[in-house]
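Residues in the sequence shown are numbered consecutively from 1, following my numbering.
For the record, the hints were derived by calculation from the structure and aren't laboratory data. Where hints are given, some of them may not hold.
Claimed, not checked - Here are the computed lysine to any residue pairs in the SDA-like style, where the Cα-Cα straight-line distance is at most 25 Å:
| id | residue 1 | residue 2 |
| --- | --- | --- |
| 1 | K527 | P497 |
| 2 | K150 | A197 |
| 3 | K285 | K527 |
| 4 | K285 | R416 |
| 5 | K695 | E727 |
| 6 | K462 | L171 |
| 7 | K685 | A726 |
| 8 | K527 | E442 |
| 9 | K527 | V556 |
| 10 | K462 | T242 |
| 11 | K150 | G280 |
| 12 | K169 | Q427 |
| 13 | K605 | L650 |
| 14 | K462 | T202 |
| 15 | K462 | S443 |
| 16 | K665 | A76 |
| 17 | K782 | A726 |
| 18 | K527 | D445 |
| 19 | K128 | G446 |
| 20 | K517 | P497 |
| 21 | K285 | E6 |
| 22 | K517 | Q427 |
| 23 | K665 | V556 |
| 24 | K128 | E6 |
| 25 | K517 | S443 |
| 26 | K665 | N626 |
Stated by the list, open to error - Just the calculated beta-carbon pair ranges, DEER-fashion:
| id | residue 1 | residue 2 | range |
| --- | --- | --- | --- |
| 27 | S579 | P759 | 21 to 31 Å |
| 28 | T421 | R99 | 19 to 29 Å |
| 29 | D493 | K592 | 46 to 56 Å |
Keep in mind the model is a prediction, meaning the values are calculated, not measured. Where a beta carbon is used, it is the ideal one built from N, C-alpha and C, also for glycine.
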Amino acid sequence: MTRSSELDPQTPVFVGVGQTSQRLEGSRVPPMSAVDLAAEAARQAISDSGADPRAVAAAIDTVAGVRQFENSTPDAVAPLGRSNNYPRSVAGRIGADPRRAILEVSGGQSPQHLATELAATIAAGECKVALLFGAEAISTERAFARAEDKPDFNELADGDLEDRGYGLKGLMSADLARHGLTGAPAQYALFENARRARTGQTRSEYASEIGRLFAPFTEVAANNPHAAAPTQRSADELVTPTDRNRLIADPYTRFVVARDQVNQGAAVLLMSVAAARELGVPENKWVFLHGHADLVEQRLIERPDLSAAPASVLAVRSALDLAGVELDDLSSLDLYSCFPIAVFALCDGLGLATDDPRGLTVTGGLPFFGGAGNNYSMHAIAETVVRLRDMPGEYGLVGANGGLLSKYSAGIYSTRPVRWTDGHSAQLQSDIDTSPTVTHAESADGWATLETYTITHSRTGKTGIVVGRLESDRRRFVANVVDDDQDMFELLDDEKPFGSRVFVRSTNRGNRVTTTKPRMTELLPQKPPRLRTDYEHIEVTRAGHLLEIVINRPHVRNSLHPPTNDELEEAFDAFFADSDLWVAIITGAGTKAFSAGNDLVYSAKGGEMWVPRTGFGGLTSRAGMNKPVIAAVNGFAMGGGFEIALACHLVVADASAVFALSEVKVGLVAGAGGLVRLPRSVPEKVATEMILTGKRIDASTALRHGVVNRVVDDGQALEGARELAAELLAVSPTSVRTSLEIMTQTQGVADTVTAVARPSTAIDDLLVSEDMREGMLAFAEKRSPRWMNR
1 MTRSSELDPQ TPVFVGVGQT SQRLEGSRVP PMSAVDLAAE AARQAISDSG ADPRAVAAAI
61 DTVAGVRQFE NSTPDAVAPL GRSNNYPRSV AGRIGADPRR AILEVSGGQS PQHLATELAA
121 TIAAGECKVA LLFGAEAIST ERAFARAEDK PDFNELADGD LEDRGYGLKG LMSADLARHG
181 LTGAPAQYAL FENARRARTG QTRSEYASEI GRLFAPFTEV AANNPHAAAP TQRSADELVT
241 PTDRNRLIAD PYTRFVVARD QVNQGAAVLL MSVAAARELG VPENKWVFLH GHADLVEQRL
301 IERPDLSAAP ASVLAVRSAL DLAGVELDDL SSLDLYSCFP IAVFALCDGL GLATDDPRGL
361 TVTGGLPFFG GAGNNYSMHA IAETVVRLRD MPGEYGLVGA NGGLLSKYSA GIYSTRPVRW
421 TDGHSAQLQS DIDTSPTVTH AESADGWATL ETYTITHSRT GKTGIVVGRL ESDRRRFVAN
481 VVDDDQDMFE LLDDEKPFGS RVFVRSTNRG NRVTTTKPRM TELLPQKPPR LRTDYEHIEV
541 TRAGHLLEIV INRPHVRNSL HPPTNDELEE AFDAFFADSD LWVAIITGAG TKAFSAGNDL
601 VYSAKGGEMW VPRTGFGGLT SRAGMNKPVI AAVNGFAMGG GFEIALACHL VVADASAVFA
661 LSEVKVGLVA GAGGLVRLPR SVPEKVATEM ILTGKRIDAS TALRHGVVNR VVDDGQALEG
721 ARELAAELLA VSPTSVRTSL EIMTQTQGVA DTVTAVARPS TAIDDLLVSE DMREGMLAFA
781 EKRSPRWMNR
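Based on the sequences and whatever the hints tell you, model everything.
Structural data, given as structure tokens:
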């Protein structure tokens, strides 16, 4: 055993902890902001160290703040205002002027991650005294958000800030969002029901297990003065739906999910042994970090087992190994408990009984003590430090979870002196990153098996969300239940729906799932492609073998919103399905714009967003474009409008036309094919400059680079496109179609000879076509051919 006198002077040691909370009911103290709460917790942590508070504050060279919910996502709002530099605002309150200020990424792992990181920084001699803190004032924000006399929490603090960003990479995808998987309860419910499937429990059996897991947590919370819900509840009470304990997302009732309506703050003070001795911190205050690990799980939809959290389990095992102790050696445990599965997954993986007599929480857990935003585990560290001081030589575990069972930080604490040891997280993370994953199908069609699900409940109704595997290739997909599909809801309400055979179909608004193929046909009948006369946002004209489509939204420069995209997809579906239509032209109404791309005003106002499966304008992701489409560019072709033009086979432009991929100027990227097609159309450096700067080019430049086939006088783009179409209509449509097919088939073949020699069934079909016979016969007879397109 290492003696304190044998420690390296740079050994990190935790010397002070503090917690604070505020209840609005009956409080005589003015409402406290997150800065106020964190500062009060920081004062307590400094005082707890037993050293002179002024000397400690003056010695702090690093402060690190945990993000509030109001600053955890790009679209988060602060109804009462917030600090522009949260860490330095707190530092200013306590009289500290640190050299370094950190604002950590989002996620419940951040307190333990910061504790480990700054302990390593101290051990490396890059820091002497660090203060970590976090707070939430969500109860106050909700109580006063609409009040006329609401407090103003805005404040400005000078000084550098190391803002690490939100840290949301890998936690969300467009596919999850379009299926309603944007909130934590629904996402975690998928894990929960996957575990129910694995354990083979019925709905009622699993609910009882949740109740038994969390009932002891309520006992701890009932005795914690900082708990937001200090009420002891029985197992049945926790999981029985009532008006007060409503269903949120199957299998969750309100009582068993993290309680975010809190006013809580916590802080932790750590420093080098040398600094502790210099400042006069008594050794009975010292607590050491013996083991630690920080790991990140695979993306939600790619995990082989949605019922488990292997990275989290591995993090705890690695921390235990580094500390040289076993699970049974721990006297104190706090497992992050935002939802039951976060605890179950650790218990399952570690072989830890959910009714372990040591208890699984030191605070009362997130549903009962309170889910203080990202800062919950700062409270867990504070409670653990206090407990371990009363149990000299014993060990305590803090397990901190972030994201969607995504990020896990584990720490093993003890008063036993120990030299700092770097962990093995980097190598373990490399192993996780290279582990097998499940292939994801964004568009899913066919028979499948049900893997997991949830039903979310709100005041406006319920939404069924299903995760399944396609029978054809075992790819995983996410799908929604059609709103009025009682058959599917009854299946999900069954005691054991897992493994059931279901039928899925992709639509423009996401995948839809039901019980059988006939039921899908009944709920979502597929209409054969056809042109109609009552389009709202486009105009369609048929002239012999030519189809003209006009984007008719000149008031917004022919920018596209989802209903317009749907109509364009419908019109092009009809074009490609109709053998009597050989060429199509797309243009924009008016003279100012072909299309300004995505309708940003519509999306900024909160309009529901989706893009057809065939892509922007019904073209950019369309496969099998075996008939020529001509873009008649009249004016601006910006962003998605340029991407539509790039997706067309031919382009005719007015002399004053302007082209640009302008997405970077509004915080987007040219994701509808521009990033792929433009570098294949123009020299690489030209494409790169246009993509990265949003640079505009005129029609003559576009012609020089080969983006445009013809440039015509202003106002003549449509007429020029018609002239080009006439040339196409004069030749064999079968030959045109075959040529396009072979060009597409050989596009990815790098070697020219290999591409030329590649066999094609399209040529085989051409050899027996009527058009080939007619073309040769007409040539021999010296007459114009009469094309049959057969």
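Verification of the hints:
no.: 1; hint: K527 <-> P497; verdict: violated (31 Å)
no.: 2; hint: K150 <-> A197; verdict: violated (48 Å)
no.: 3; hint: K285 <-> K527; verdict: violated (74 Å)
no.: 4; hint: K285 <-> R416; verdict: holds (11 Å)
no.: 5; hint: K695 <-> E727; verdict: violated (33 Å)
no.: 6; hint: K462 <-> L171; verdict: holds (24 Å)
no.: 7; hint: K685 <-> A726; verdict: violated (35 Å)
no.: 8; hint: K527 <-> E442; verdict: holds (23 Å)
no.: 9; hint: K527 <-> V556; verdict: violated (30 Å)
no.: 10; hint: K462 <-> T242; verdict: holds (17 Å)
no.: 11; hint: K150 <-> G280; verdict: violated (43 Å)
no.: 12; hint: K169 <-> Q427; verdict: holds (21 Å)
no.: 13; hint: K605 <-> L650; verdict: violated (35 Å)
no.: 14; hint: K462 <-> T202; verdict: holds (21 Å)
no.: 15; hint: K462 <-> S443; verdict: holds (23 Å)
no.: 16; hint: K665 <-> A76; verdict: holds (22 Å)
no.: 17; hint: K782 <-> A726; verdict: holds (21 Å)
no.: 18; hint: K527 <-> D445; verdict: holds (17 Å)
no.: 19; hint: K128 <-> G446; verdict: violated (61 Å)
no.: 20; hint: K517 <-> P497; verdict: holds (18 Å)
no.: 21; hint: K285 <-> E6; verdict: holds (18 Å)
no.: 22; hint: K517 <-> Q427; verdict: violated (47 Å)
no.: 23; hint: K665 <-> V556; verdict: holds (18 Å)
no.: 24; hint: K128 <-> E6; verdict: holds (19 Å)
no.: 25; hint: K517 <-> S443; verdict: holds (17 Å)
no.: 26; hint: K665 <-> N626; verdict: violated (34 Å)
no.: 27; hint: S579 <-> P759: 21 to 31 Å; verdict: holds (25 Å)
no.: 28; hint: T421 <-> R99: 19 to 29 Å; verdict: holds (26 Å)
no.: 29; hint: D493 <-> K592: 46 to 56 Å; verdict: holds (54 Å)
Going down the numbered hints, you'll see the structure goes against 1, 2, 3, 5, 7, 9, 11, 13, 19, 22, 26, while the others check out.
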